[in-house]
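J.: Below are the chains, spelled out letter by letter.
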Amino acid sequence: MKLPHYKLGIDVGGTTVDLVVIDSTGYLVKSCKIPLTDGIENCIIKGIKQLFQDESIQPQNCLSIHIGTTIALNSLLEISSLYKVGLLRIAGHYPDVPPAYEFPARQRQAILTSFETISGGREVDNQAISILDRVSIIDAIDKLLGAGTEAIGIISVFSPLYSEDEIYAENIIRQHFGEDIVLTLSSQLGGLGFIERENNTLVNTALKKVMKKSFAFLAATCKQLGFQCDYFITQNNGTLISLEEAVNFPLKTLCSGATNSLIGASKLAGLSHAIMVDIGGTSTDIGIVENSFPRTTFKLANIGGIPLNFHLPDISVLALGGGSIINELAITDQSLGYRVFSESRSVGGEHLTLFDIGNLLNNKVTENNIRITSPEADMLMKKCLEKISHTANELACGLKLPVVLVGGGAETIPDYFLNDEIIRPAHFGIANAYGAALAEISGVLDQIVYLDKNVEETLYELEQRVIQKVIAKGAAPGSVRLIEKTLLPLYYMPNQMTRVVMVAAGILGM
Amino acid sequence: MSTQLCLHHIESLSLGATLLGSGGGGNPAIMSNLTRYYMETYGNIQLISVGELETNDLLVPIANIGAPLVALEKLPTFLAFDTIYQKIIVHYPNRRIVLMSAEIGGCNSLAPLILASRYGLPVLDADLMGRAFPKINLFKPALLNQKNDPAYLSDYKGNLLLLHLKQDMSLLEKIVRDSTVNFGSSAVMALFLFSGGQVDDYVIPGSVTSALQLGNALLSYSPDSHELDKAGIHVLGEGRINNIINNVKNGFLTGYVSITCADAVFKLYFQNEFLLATKNNIIVAESPEIIMLIDDKHGTPITTEVLKFGLKVKVVKLSAPDFWQKPENKKHVHYKKFDLEVHDEIAAL
Numbered sequence: 001m002k003l004p005h006y007k008l009g010i011d012v013g014g015t016t017v018d019l020v021v022i023d024s025t026g027y028l029v030k031s032c033k034i035p036l037t038d039g040i041e042n043c044i045i046k047g048i049k050q051l052f053q054d055e056s057i058q059p060q061n062c063l064s065i066h067i068g069t070t071i072a073l074n075s076l077l078e079i080s081s082l083y084k085v086g087l088l089r090i091a092g093h094y095p096d097v098p099p100a101y102e103f104p105a106r107q108r109q110a111i112l113t114s115f116e117t118i119s120g121g122r123e124v125d126n127q128a129i130s131i132l133d134r135v136s137i138i139d140a141i142d143k144l145l146g147a148g149t150e151a152i153g154i155i156s157v158f159s160p161l162y163s164e165d166e167i168y169a170e171n172i173i174r175q176h177f178g179e180d181i182v183l184t185l186s187s188q189l190g191g192l193g194f195i196e197r198e199n200n201t202l203v204n205t206a207l208k209k210v211m212k213k214s215f216a217f218l219a220a221t222c223k224q225l226g227f228q229c230d231y232f233i234t235q236n237n238g239t240l241i242s243l244e245e246a247v248n249f250p251l252k253t254l255c256s257g258a259t260n261s262l263i264g265a266s267k268l269a270g271l272s273h274a275i276m277v278d279i280g281g282t283s284t285d286i287g288i289v290e291n292s293f294p295r296t297t298f299k300l301a302n303i304g305g306i307p308l309n310f311h312l313p314d315i316s317v318l319a320l321g322g323g324s325i326i327n328e329l330a331i332t333d334q335s336l337g338y339r340v341f342s343e344s345r346s347v348g349g350e351h352l353t354l355f356d357i358g359n360l361l362n363n364k365v366t367e368n369n370i371r372i373t374s375p376e377a378d379m380l381m382k383k384c385l386e387k388i389s390h391t392a393n394e395l396a397c398g399l400k401l402p403v404v405l406v407g408g409g410a411e412t413i414p415d416y417f418l419n420d421e422i423i424r425p426a427h428f429g430i431a432n433a434y435g436a437a438l439a440e441i442s443g444v445l446d447q448i449v450y451l452d453k454n455v456e457e458t459l460y461e462l463e464q465r466v467i468q469k470v471i472a473k474g475a476a477p478g479s480v481r482l483i484e485k486t487l488l489p490l491y492y493m494p495n496q497m498t499r500v501v502m503v504a505a506g507i508l509g510m
Numbered sequence: 511m512s513t514q515l516c517l518h519h520i521e522s523l524s525l526g527a528t529l530l531g532s533g534g535g536g537n538p539a540i541m542s543n544l545t546r547y548y549m550e551t552y553g554n555i556q557l558i559s560v561g562e563l564e565t566n567d568l569l570v571p572i573a574n575i576g577a578p579l580v581a582l583e584k585l586p587t588f589l590a591f592d593t594i595y596q597k598i599i600v601h602y603p604n605r606r607i608v609l610m611s612a613e614i615g616g617c618n619s620l621a622p623l624i625l626a627s628r629y630g631l632p633v634l635d636a637d638l639m640g641r642a643f644p645k646i647n648l649f650k651p652a653l654l655n656q657k658n659d660p661a662y663l664s665d666y667k668g669n670l671l672l673l674h675l676k677q678d679m680s681l682l683e684k685i686v687r688d689s690t691v692n693f694g695s696s697a698v699m700a701l702f703l704f705s706g707g708q709v710d711d712y713v714i715p716g717s718v719t720s721a722l723q724l725g726n727a728l729l730s731y732s733p734d735s736h737e738l739d740k741a742g743i744h745v746l747g748e749g750r751i752n753n754i755i756n757n758v759k760n761g762f763l764t765g766y767v768s769i770t771c772a773d774a775v776f777k778l779y780f781q782n783e784f785l786l787a788t789k790n791n792i793i794v795a796e797s798p799e800i801i802m803l804i805d806d807k808h809g810t811p812i813t814t815e816v817l818k819f820g821l822k823v824k825v826v827k828l829s830a831p832d833f834w835q836k837p838e839n840k841k842h843v844h845y846k847k848f849d850l851e852v853h854d855e856i857a858a859l
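Protein chains in written order, with the working numbering: chain B, 1 to 510; chain X, 511 to 859.
Here chain B stands alone, though its shape is the one from the complex:
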């Protein structure tokens, strides 16, 4: 019997769902695009049926399904389909500043119903700040539910190191208020820094609503179609988490869109260091991939005005795309967007766009069709590439890196502009889905250790632990390696107490 060896990558975008099937060598076997006209799950199913309709590939030979989605991001930006969250603070020193203090008023009102602070929480050395008791938990939750709370966030001091107080509170709440109450423990989202972790907890809890709704039936439907594989969602750093984890921790998927596109472009071009240019209909995203992972910004993420504790890919956005309108031989910031296919001169419309210029230079239309000469078109295309390379150079800051063009709009660039430095890889229109199909699985370790003696051994032991964690999630052992290692000493602490953060990643095993 042949072992399962295909991976299915799916990108749920704003206008289409893209699907690709790759084999164990990363070779792209099949792909398709489904317009997002129906519910997300329906479109995914439609695409899967299309890819697997003939006998050449069988659902049971599919090892895993990887989905990249911006559902959570859109829901947060649009402030729609969010749970109303009540927050339980277990913090015996009673912080003065209320939760969601830095949120814009609209987001705060939509997300936070009310909060309660109760005694408990830990010091950095695991001593109790004060005692957490059952009665105060129940009283607090009663008050939160009375204020219209639909889901609960729980945070206690130093829970990323000592999660017992949060777990105790969860148990009491489930016993007393029912097993199916929706809640998030801040320790499950990790990261020291009370305010950012609290913000993460609030946002994550609120987003559970839309994720539950969007992926309620996917696994069951796929099973009916003959799939016996695991389901994964790509997370912010471009690696995979299980579908179940993504439904419980939508925050982890919040910014995976840009990451997928960067990783997909890099993999399509076979380059681990490059400048990625994703040309869409209205805008172009430019970012940098180093060591196969996107370069991230120095500042922490701020989404819809809400400060969160992770780094986003460092991306520059240009108002330039296939639909960009050309006026008096200059490229404007206006775009026709999707109307390019109905209103541009190539299809008999009124507006001259970059799409038309590309068509002329690619000999798909004539000078008469679009009422512009070839030398003029060539000059405009050069201007367009100059704009892109100017921004790319700014991002690269002196590094000499090849430029990889992907996205639907990349088609407008004529072949004679391409060379060793400007590459347009095959399948450039489905980079995101390809990136998802090739995504690796990762694990994080974040803990405080004593580094006063046996430093090397302690760090080696932690490295092995995070690597084993990734193997346990299904990575092929030989492919797992450390991709991040940070040491942060705690000043004024005895025995050189140090916070160690390590991230390892590997390829999902065969």
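Hints listed in this document are in silico derivations from the structure and should not be mistaken for laboratory results. One should not assume that every hint holds.
Now the stretches of chain X that chain B is said to cover, found in silico as 3 or more residues with beta-carbon under 8 Å [to be verified]:
| no. | stretch |
| --- | --- |
| 1 | 574 to 583 |
| 2 | 810 to 823 |
Label-pair ranges, simulated between beta-carbon atoms [what the hints assert, rightly or not]:
| no. | chain 1 | residue 1 | chain 2 | residue 2 | range |
| --- | --- | --- | --- | --- | --- |
| 3 | B | Asp23 | X | Val775 | 41 to 47 Å |
| 4 | B | Arg481 | X | Lys657 | 55 to 61 Å |
| 5 | B | Leu300 | X | Thr565 | 46 to 52 Å |
| 6 | X | Gly630 | B | Asp142 | 38 to 44 Å |
| 7 | X | His744 | B | Lys485 | 29 to 35 Å |
| 8 | B | Leu145 | X | Leu681 | 24 to 30 Å |
| 9 | X | Leu681 | B | Ile181 | 52 to 58 Å |
| 10 | B | Arg134 | X | Gly630 | 41 to 47 Å |
| 11 | B | Gln175 | X | Gln514 | 42 to 48 Å |
16 Å max Cα-Cα, derived EDC-like pairs, lysine to aspartate or glutamate [stated by the list, open to error]:
| no. | chain 1 | residue 1 | chain 2 | residue 2 |
| --- | --- | --- | --- | --- |
| 12 | B | Lys299 | X | Asp806 |
| 13 | X | Lys818 | B | Glu290 |
| 14 | B | Lys299 | X | Glu815 |
| 15 | X | Lys818 | B | Glu484 |
| 16 | X | Lys807 | B | Glu394 |
| 17 | X | Lys759 | B | Glu456 |
| 18 | X | Lys759 | B | Asp452 |
No residue lacks a Cβ here, since even glycine has one placed at the ideal position from N, Cα and C.
Knowing the structure of chain B, use the given hints to seat chain X on it.
T.: Frame of chain B; chain X shown alone:
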């Protein structure tokens, strides 16, 4: 002339103070939400200059002490500050209290503002250091052998330790450190209290205004602008962080960071603070000069705790406050007085 410190000053004060921290001093973000919250409720703060002090004023320098990472998790509270204040008004009845930051570099720049806003107390436009250094014996009054009795140490539960120590800074340092650990590694301190008449022996004047001006320059930052130079921020070069070596040594973050430019390699050596900068192994800045990296894209100052591989940065320096430029003071903070690991052959300019 007195001015008002308003809510909108907090951002520029924080940015400027981070720059003056020379890479250390803790992130003012630890304090900024609490400060804003109190100022929203209780209003603006009067900032007075050294010249406006009366002889009989009681000056109270305030500092947060402990591990910045702990304060990010166990948030500072009003109670810790208030515990000290309530004791001081009992010890010093009928005195006008003027608060001040003990250390302008880093998060301590905001330390006096919560009490000042809550009780309508003035804040002095000065501090005891003019930048950030990691030890109590490097406060100006410590170098000038000024009295430090009593000193107050409180925690976020309202515990208070009152210290009556002789002039022994290393004992004070030890007791404060040990007590801070027992207080959960995050505490508030009032130290080197003095009278208006003694101001010359205690303070570096004008440091709040200076932080505000530096912060404003960073707020209006753009990568190609020449505004930095006008504000006294001298750009030594720009490039990319291509190596970060750090170790934990005796409770300090020690190591160096290399920045590769078109024509040179910078190395910045640190022990919490950046203390020495070389360009192709020739010294281009050294303590007490203030050495810093700023994010080339946004102008955000980068402390030694958040160095990021691959980031494009500008290497900048600021002159040391006048006090530190005097040879008798300078010698105490020469980079060789710190525990830097400099293995390269380096030369003076």
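J.: Does each hint fit the structure? Answer for all of them.
T.: Now for the hints, and whether the structure bears them out:
Residues of the stretch 574 to 583 of chain X with a Cβ under 8 Å from some Cβ of chain B number 8, which satisfies the need for three, so the listed coverage holds. Beta-carbon proximity to chain B at under 8 Å applies to 8 residues in the stretch 810 to 823 of chain X; the threshold of 3 is reached and the given coverage holds. For the hinted restraint 41 to 47 Å between B:Asp23 and X:Val775, the CB-CB distance of approximately 45 Å keeps it satisfied. Judged by the Cβ atoms, the range 55 to 61 Å given for B:Arg481 and X:Lys657 holds: they are separated by roughly 58 Å.
Taking the beta carbon of each, B:Leu300 and X:Thr565 are about 47 Å apart, inside 46 to 52 Å as hinted. Checked against the hint of 38 to 44 Å, the C-beta distance between X:Gly630 and B:Asp142 comes to roughly 39 Å, which is consistent with it. Our hint of 29 to 35 Å for X:His744 and B:Lys485 holds, since their Cβ atoms are close to 34 Å apart. The hinted range of 24 to 30 Å is not satisfied by B:Leu145 and X:Leu681, whose Cβ atoms lie roughly 54 Å apart.
Checked against the given bound of 52 to 58 Å, the beta carbons of X:Leu681 and B:Ile181, roughly 54 Å apart, stay inside it. At about 43 Å, the CB distance of B:Arg134 to X:Gly630 agrees with the hint of 41 to 47 Å. Checked against the hint of 42 to 48 Å, the pair B:Gln175 and X:Gln514 fails, with Cβ atoms roughly 54 Å apart. Straight-line distance between C-alpha atoms of B:Lys299 and X:Asp806 comes to about 12 Å, which keeps the hinted pair within the 16 Å bound.
Taken as a hint, the X:Lys818 and B:Glu290 pair is honoured in the structure, with Cα atoms around 13 Å apart against an allowance of 16 Å. In summary, the hint linking B:Lys299 to X:Glu815 is supported, as the alpha carbons are separated by about 13 Å, within the 16 Å threshold. Restraint check for X:Lys818 and B:Glu484: satisfied, since their Cα atoms lie roughly 11 Å apart, inside the 16 Å limit. A distance of roughly 10 Å separates the Cα atoms of X:Lys807 and B:Glu394; the hinted pair therefore holds under the 16 Å criterion.
With a C-alpha separation of about 14 Å, the suggested pair X:Lys759 and B:Glu456 falls inside the 16 Å cut-off, and the hint holds. Of the pairs offered as hints, the one joining X:Lys759 and B:Asp452 holds, with about 8 Å between alpha carbons and a cut-off of 16 Å not exceeded.
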